[in-house]
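J.: As a plain string of letters, each chain reads:
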Amino acid sequence: KAGVTQTPRYLIKTRGQQVTLSCSPISGHRSVSWYQQTPGQGLQFLFEYFSETQRNKGNFPGRFSGRQFSNSRSEMNVSTLELGDSALYLCASSLQGYTEAFFGQGTRLTVV
Amino acid sequence: KQEVTQIPAALSVPEGENLVLNCSFTDSAIYNLQWFRQDPGKGLTSLLLIQSSQREQTSGRLNASLDKSSGRSTLYIAASQPGDSATYLCAVGAGSARQLTFGSGTQLTVLP
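Here the protein sequences line up with chains F and H, keeping their order.
The numbering of the first sequence is my numbering, which starts it at 61 and goes up by one.
The numbering of the second sequence is my numbering, which starts it at 1380 and goes up by one.
Pulled out of the complex, with its shape left as it was, chain F reads as follows (with noise of 0.2 Å):
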């Protein structure tokens, strides 16, 4: 079956603008995780949708901003980007967010 799709794959912004990357999950999981990385940090969460709703959030500023569709797709927003922007985002869905975890290839967004 299908794994977890992202797109687009590669983004090159400037500072002040806003950009949104999307996600689809694996099919039947309804959990979408969003995480940041870079070298600096590692892998940090962003958050956490099933069913539409956020249950979690990560400790970033109100600028990260998501969804989740009726069909369990997700998009995460940035917006007024900056260069600390620049990393790859990653996104994960499972059955219920306590179960197995599958990555997509990720979105690299690099702020100019």
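Among the hints, a few may not be true.
Stated by the list, open to error - Below 27 Å or equal to it, Euclidean Cα-Cα: the simulated DSSO-like pairs (lysine-lysine) are:
#1 Lys117(F) / Lys1380(H)
#2 Lys1447(H) / Lys117(F)
#3 Lys117(F) / Lys73(F)
#4 Lys1421(H) / Lys117(F)
#5 Lys1447(H) / Lys1380(H)
#6 Lys73(F) / Lys1421(H)
I should point out that these hints are in silico values taken from the structure, not numbers from a laboratory.
Given the structure of chain F, go ahead and fit chain H onto it with the hints provided.
T.: Coordinates of chain H only, in the frame set by chain F:
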């Protein structure tokens, strides 16, 4: 706050050697622990999931153990191959947060 540590940060071994990667965590109240592999610039590939009630899991040449009381997990790789070269990450799921807390990874190089 859960903290996950992986030692060593980097490891280089000749092909065919058996090796052990270590992961320790500070809060033993976990619901599962997952080992991942990450190739450069790519997403995470799930290797093994150990539920909190289990002591070990095996998949092919990989064996992961979990000792909750001491806050430790090990990933044993038998008969290593150059294709095993990657960064190995462990992540623990704990609390009601439904998030994974990651270690910083062990970068493994298997020399032919």
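J.: Now tell me, hint by hint, if it's right for this structure.
T.: Cross-check of the supplied hints:
With a C-alpha separation of about 15 Å, the suggested pair Lys117(F) and Lys1380(H) falls inside the 27 Å cut-off, and the hint holds. Pair hint Lys1447(H) plus Lys117(F) holds up; C-alpha atoms about 26 Å apart against a cutoff of 27 Å. With a CA separation close to 24 Å, the supplied pair Lys117(F) and Lys73(F) stays within the 27 Å bound. A C-alpha spacing of about 24 Å is found between Lys1421(H) and Lys117(F), which places the hinted pair at or below 27 Å, so the restraint holds.
As the CA atoms of Lys1447(H) and Lys1380(H) are separated by approximately 16 Å, the hinted pair is consistent with the 27 Å bound. Restraint check: the Cα-Cα separation between Lys73(F) and Lys1421(H) comes to about 20 Å, which is no more than 27 Å; the hinted pair holds.
Of the hints listed earlier, there is not a single one the structure fails to meet.
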